[in-house]
Amino acid sequence: MGLRAGPHRARSPRVTEPSSSVGFTLAGFRRGVRAAMAIAVGLAPFGLVIGMVSDSKGLSLLEAWVMSALVFAGTAQLVALEIWADPAPILGATLACLVINLRMAPMGAALAPILDRLHGIRLWGTLAVLVDNAFALTVAEMRQGRRDGAFLLGAALAMWVNWMVMVTIGHSFGAMVRLPPGHPVFFAATAALLALMVQIWRGPRQDLAPWILAGAVALLVSRGLGLGAPWPVLAGAFAGAALGAAIDRRRKMDAANR
Amino acid sequence: MTLRPDVLAAILGMALATYLCRAGGYALLRATRPPPFVEAMLRHMPGCIFVAFLAPTLAGTGPTGWVAAAVVLATQAAFRRLAVSIAVGVAALWLLQGGA
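Which chain is which? The protein sequence lines are A and B, in order.
Position 41 (the first sequence) corresponds to 41 in our numbering; numbering is contiguous.
Position 76 (the second sequence) corresponds to 76 in our numbering; numbering is contiguous.
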């Protein structure tokens, strides 16, 4: 990796496709870990909240650890904890995860250029820790011509460690901190995704119309129709992507007819 | 440090459902080679997922949240440092809310 390494060199235009077919390198793993460190500050508050809520819902530290380690999906855990009861709501919590994490299905599919090179545990194990922010970092990486599945694994595992530490702190000291729900520190998770969108942006010709439609449809479904997760994000994402694909096809046909 | 069986069962259900979501989309794609239009859609999917995820969230925050969001985007576009953009965005929202 040498000269190409480092998150702040990431936009160098001289990056080329790796010559070998190796799609899973230690260098890629390290680069992924470093990229995740840069947004750790944005993810930390969410882990704190999950730890605090787990504690307030009566989960032991061990139970909070097992849940956060195996599920590793903040929004879904938060919703499941909202409906937590005694005895534990097995069906309700499972359905909450299924519905809210459905947005990850198209993420995995969109990573096909990287995942197609992997097999066995490298493939299905890496998918087990896929999360929104690691996905966004990997897309940015992919669009610079790199195809290293270990980047995704490194970024996701670094976020997992951060997640476990913050859940532990939240569960152990949450009662002392007492941050109100609307506190600006919770904006960090939104800010992390916003900053990552700048990294994913390919320019107005490619992205402007699909992104506007995606946002408009998501707002229409959530505000207009009053539907909750996952419908706004799924409807918006599929509408925007379909528009983008239609525009691409039209341009290709125009170019062919010229 | 207890681990109640009903809690464990709920957690395992959550974990299984989440893994199905994580792996299912790609597994489906790997099993069935999709037509070119679907492949083109997948290239547009990442950005659209995040826009569709953030739009309702930001709509709920009101004008202070929109200004803070714009600050994050501008900072990231200018400096390309994720940690800086996140910190500046949180600080902006804190100031806009009166620094309470």
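Since the hints were derived computationally from the structure, they do not count as laboratory data.
Please note that a few of the clues may not be correct.
Claimed, not checked - Computed footprint of chain B on chain A, listed as stretches where at least three residues anywhere in the stretch have a Cβ under 8 Å from a Cβ of chain B: (1) 58-67; (2) 107-121; (3) 158-166; (4) 198-205; (5) 214-221.
For every residue, glycine included, the Cβ atom is placed at its ideal position computed from N, Cα and C.
Here is what the structure says about each hint:
{"no.": "1", "hint": "58-67", "result": "holds (count 7)"}
{"no.": "2", "hint": "107-121", "result": "holds (count 8)"}
{"no.": "3", "hint": "158-166", "result": "violated (count 0)"}
{"no.": "4", "hint": "198-205", "result": "holds (count 5)"}
{"no.": "5", "hint": "214-221", "result": "holds (count 6)"}
The structure fails to meet hint 3 from the earlier list, while all remaining hints are met.
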